[in-house]
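Novice: The listed protein sequences derive, respectively, from chains X and P.
In terms of our numbering, the first sequence has 180 at position 178, counting the first letter as 1, and numbering is strictly consecutive.
In terms of our numbering, the second sequence has 433 at position 188, counting the first letter as 1, and numbering is strictly consecutive.
Possibly wrong hints are sitting among the right ones.
As the list claims (entries may be wrong) - No more than 20 Å apart at the CA atoms, straight line, and that leaves these computed lysine to aspartate or glutamate pairs for DMTMM-like:
1. K190(X) <-> D365(P)
2. K196(X) <-> E461(P)
3. K347(P) <-> E193(X)
It should be emphasised that the hints constitute simulated quantities derived from the structure, not laboratory data.
Computed from a predicted structure; not experimentally measured.
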Amino acid sequence: MVYFAKWKMVLVALVCVLGLAFAAPNLLSEEDAAGIPDWLPNQKINLGLDLQGGSHLLLEVDVASVTRERLEAMVDSARDGLRGESPPIGYRGLGINGECVRFTLRNPDDDSRARQIARNINPNTELTSEGDTISVCLNEQGKREIATAAVQQSIEIVRRRIDETGTREPTIQRQGTDRILVQLPGVKDPERIKELLGTTAKLTFHLLDRTNSVTAACGPGRRPPPGTECLPSADDKDANGQPVIYLVKRRAMVRGDNLVDAQGTFQDAQPVVSFRFDAVGARRFGDVTRQNVGQPFAIVLDKEVISAPVIREPILGGNGVISGNFSVQSAQDLALLLRAGALPAPLVILEERTVGAELGADSIQAGEIASVLAILLVIVFMAAAYGMFGLMADVALALNIILITAMLSMLQATLTLPGIAGIVLTIGMAVDANVLIFERIREEERNGRTPISAVDSGYQRALTTIIDANITTLIAAVLLFQFGSGPVKGFAVTLAIGLLTSMFTAIMVTRLMVVTWLHSRRPKKLPL
Amino acid sequence: MRLINLVPTDTRIDFMRVRKLAAVLSLLLCAASIGLFFAKGLNYGIDFRGGILIEIRTEQPADMGQLRSTLGGLGLGEVQLQEFGRDTDVLIRIERQAGGEKEQLAAVNTAKEALGDAVDYRRTEFVGPKVGAELIEAGITAVLLAMAAMLVYIWFRFEWQFGVGAVVALLHDVLLTIGIFSLMGLEFNLSTVAAILTIAGYSINDTVVVYDRVRENLRKFKQMPLPDLLNLSINGTLSRTLLTSVTTLLALLALFFFGGEVIKGFSFAMIWGIVVGTYSSIFIAVPLLVYMNLRRTGLIVGEDDDEPATENPAG
């Protein structure tokens with residue numbers, strides 16, 4: 003087809019102009035690019051963490067522990083419900099069994115009343131009974147809701163904690179059912195953030211149980227009385243070097259949810275954390291402290307007792323201070339965690355990839371050198387192999403690079419180091435389509451066709467080959483994108499974009515040049 | 246202008262004559278690769294095995310002996326040290342710690358504390374056992390799916406015999422790549438899987454170009470004996486095959502020598518793959534067609550051919 007439709011010329015021109023426009027901001031500095039008005043393309047290529055430096059963390063929410071906690075709460079409400087009836091319903095063996103709460107009635111006549119209570123514990127449950135034993139089990143929806151809520155709440159808390167550390171532009175995304183992907187550009191040493199994210203920070207205030215002795219309740223093989231639990235001290239050790247154990251009442255007086263502010267400060271030259279309750283928390287704290295003057299209470303963080311002070315006087319204003327074995331940093335971190343709120347469940351760090359900014363800069367530089375060199379080598383080689391046609395292919399190659407840059411900027415795809423490798427690879431492979439066409443034209447001319455006819459049939463015959471050949475590589479790229487992770491995905495993106503743009507430049511752009519040249523010169527013989 | 250002619254145009258190399266030799270050679274190489282894979286295994290990176298990787302830069306040329314004793318004494322199991330690109334850069338690999346994710350994290354901290362603040366941490370990666378297992382699964386799935394998808398595509402576009410030939414060639418290339426990684430003890434990681442997939446794509450791409458010509462010639466020269474026809478097709482596409490391989494290799498060599506240490510393994514795999522892929526399209530994929538009872542009629546009937554085949558054989 004030596005004839006070239008008008009609309010195709012317009013299309014080529016349009017793509018070239020748009021390509022240049024979208025690629026152009028990458029030549030500017032960050033500030034200059036930001037100064038471009040919004041109606042013009044003003045986005046630069048998004049650099050991956052391996053190029054700009056930063057930290058990539060994959061976290062997993064321990065959903066099982068949230069489920070466990072929910073089941074414990076269900077046990078509590080079942081107990082309250084059964085005891086709260088008049089007359090109270092007698093039961094035994096109330097406890098958790100798998101994903102169910104189970105209890106056995108002492109008197110079978112209570113069955114219908116007990117079922118009513120069991121049904122009210124949680125809407126997303128199923129009730130089954132076997133003889134006098136009633137089981138309330140979480141159903142699929144109940145489990146899913148727990149997981150979704152836990153992950154969403156965790157994301158929110160993670161975001162708040164990271165924001166508090168002053169990290170710029172973090173990306174926090176849910177991944178799969180129970181995972182959170184955190185990307186922290188520019189963070190070189192994520193140890194502090196990892197530590198902050200590794201703490202659940204559940205703060206609760208409990209009264210101590212003074213009616214039972216700690217040794218009797220918490221010794222080896224003992225079970226604490228119902229409604230109490232044995233918690234170790236965070237710092238204090240007994241004579242044997244074991245953590246001191248406290249017997250605390252299970253029910254919290256006040257929870258960390260009721261905090262409105264927390265700050266790391268000093269008291270008697272010791273780092274402490276001061277806090278303030280909201281109205282509800284202040285009233286509850288006031289009430290309990292008024293009724294228990296002279297008694298000790300425990301400040302518990304993640305199932306460890308930070309301190310167990312004695313209530314000297316009712317604390318009514320809603321302000322308090324947590325003292326403990328703090329350093330300045332740990333007091334400030336605890337205050338930060340309390341301000342940001344508790345995670346619904348512990349987070350486990352599954353994967354970390356941190357790249358320093360210098361290594362990233364080195365990689366960019368190396369990638370640039372390699373790309374430029376690759377382009378030069380290919381350009382020289384093509385010109386040497388095909389003469390003027392080679393130069394046309396070189397123009398197409400240059401346009402190809404511009405289009406890849408433009409596409410990456412436009413789609414805001416992330417460019418990674420393997421992504422740069424993908425671009426370099428496409429530089430080598432991009433000329434393939436042209437090589438196919440030129441070789442074909444050469445051959446057609448050798449077979450006795452006139453230049454115009456040779457070009458025409460060369461393009462036509464090479465076209466199916468080009469498409470077949472590129473689609474197979476595209477299949478590989480798509481699968482890589484689907485199954486690859488992180489930087490490898492970046493490779494798939496540039497490879498796929500490169501294949502598409504190289505097909506466009508070979509089929510449309512070089513062809514336009516060749517055809518235009520044919521029409522203006524009308525050569526007797528092709529310089530191939 | 247005097248143009249390079251990589252191959253004299255109009256070659257008539259009798260590729261089919263050496264097909265048995267090539268087949269024996271390839272079979273031996275494939276067997277050796279499989280043998281190496283099972284006997285020596287692959288040097289899996291932390292992506293798959295789990296574990297810790299730390300790249301540091303020291304101010305003075307790194308004292309490997311001292312680093313070895315510092316890190317070796319921490320009780321973190323096997324610690325590998327490797328100079329990385331220059332004598333101040335060291336890559337530290339620490340094996341996966343027993344236990345779960347928490348234990349890995351603790352080991353990162355232990356190692357960093359032992360190294361202190363005097364060194365510059367260029368890279369810290371840790372992959373827990375859970376993610377490692379998933380990455381292996383995803384990698385294998387991707388490679389298998391890619392092969393299946395390409396087989397289906399070629400089957401759809403050509404005859405099944407071509408699909409089988411292409412996938413055998415592809416399998417050959419992948420096997421030999423795994424073989425060289427095992428032989429040289431190169432790190433096999435996520436980017437190696439990416440390289441293998443790309444090699445697969447390139448290998449098929451190369452094969453498809455020759456197959457396209459075979460199909461075209463089958464329609465054109467109905468009486469020509471198959472070996473002659475295959476020779477004609479390989480020779481007809483030979484300059485393209487070599488030219489594209491050369492431009493791709495030029496780009497990859499630039500990447501290998503100047504692209505930085507981090508992607509050296511990737512570039513190496515690709516270079517090897519291009520060389521092997523080019524060889525296999527010519528010496529494996531096409532000669533295989535001889536043994537597969539190509540039905541010529543099937544290719545003519547029902548296929549659209551917009552130009553009647555009237556030309557004589559080239560030359």
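Novice: For K196(X) and E461(P), compute the direct alpha-carbon distance and say whether it is at most 20 Å.
Specialist: 62 Å, violated
Novice: Would the hint linking K190(X) and D365(P) be met if the CA-CA limit is 20 Å?
Specialist: With Cα atoms ~10 Å apart, K190(X) and D365(P) stay inside 20 Å; holds.
Novice: Is K347(P) within 20 Å of E193(X), Cα to Cα?
Specialist: 13 Å, holds
The structure fails to meet hint 2 from the earlier list, while all remaining hints are met.
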